[in-house]
Amino acid sequence: MSEKLSYEEFVKKAIVSLRKEGYKGIHTVYSGFNDAFKKYFNGEDPIKITNQLAAEGKIVIRPVKGGVMLYLPEDAPASRTRGEDALEKMGL
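If you're matching positions, the sequence shown starts at -10 in my numbering and goes up one per residue.
Some hints could be false.
Pairs of lysine to aspartate or glutamate, DMTMM-like flavour, derived with a Cα cap of 20 Å [claimed, not checked]: (1) K13 / E63; (2) K28 / E(-3); (3) K37 / D24; (4) K13 / E(-3); (5) K47 / E(-2); (6) K13 / E(-8); (7) K28 / E(-8); (8) K1 / E63; (9) K27 / E63.
Derived by calculation from the structure, the hints in this document are not laboratory data.
Taking the hints into account, I'd like the entire structure generated from these sequences.
Set out below in structure tokens:
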């Protein structure tokens, strides 16, 4: 068997390979990422590792219903607050 991927390589490969057409990121639960990560890394916690990679700026995490979305930094949607969205809708 070939050498195992690093956490970063695995996560980035997963984001590119598992995203649906038209989407830039993957949902960690619905894409099967969490299960694949645990299987590949012998039960290690994907949440801990993805949070660490996000803290290092290697990936971007956005909370969504049912889990989180993972993005490559260059593909991540702009970070906006609900307040900013509300002000924009109000034309302010």
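Comparing the hints with the structure gives:
1. K13 / E63: 9 Å, holds
2. K28 / E(-3): 16 Å, holds
3. K37 / D24: 14 Å, holds
4. K13 / E(-3): 17 Å, holds
5. K47 / E(-2): Roughly 10 Å separates the two Cα atoms, so the pair holds.
6. K13 / E(-8): Judged against 20 Å, a Cα distance of about 28 Å means the pair is violated.
7. K28 / E(-8): 16 Å, holds
8. K1 / E63: Holds, because 12 Å separates the two Cα atoms, which is no more than 20 Å.
9. K27 / E63: At roughly 26 Å apart (the allowed maximum being 20 Å), E63 and K27 break the hint.
Consistency note: the structure conflicts with the earlier hints numbered 6 and 9.
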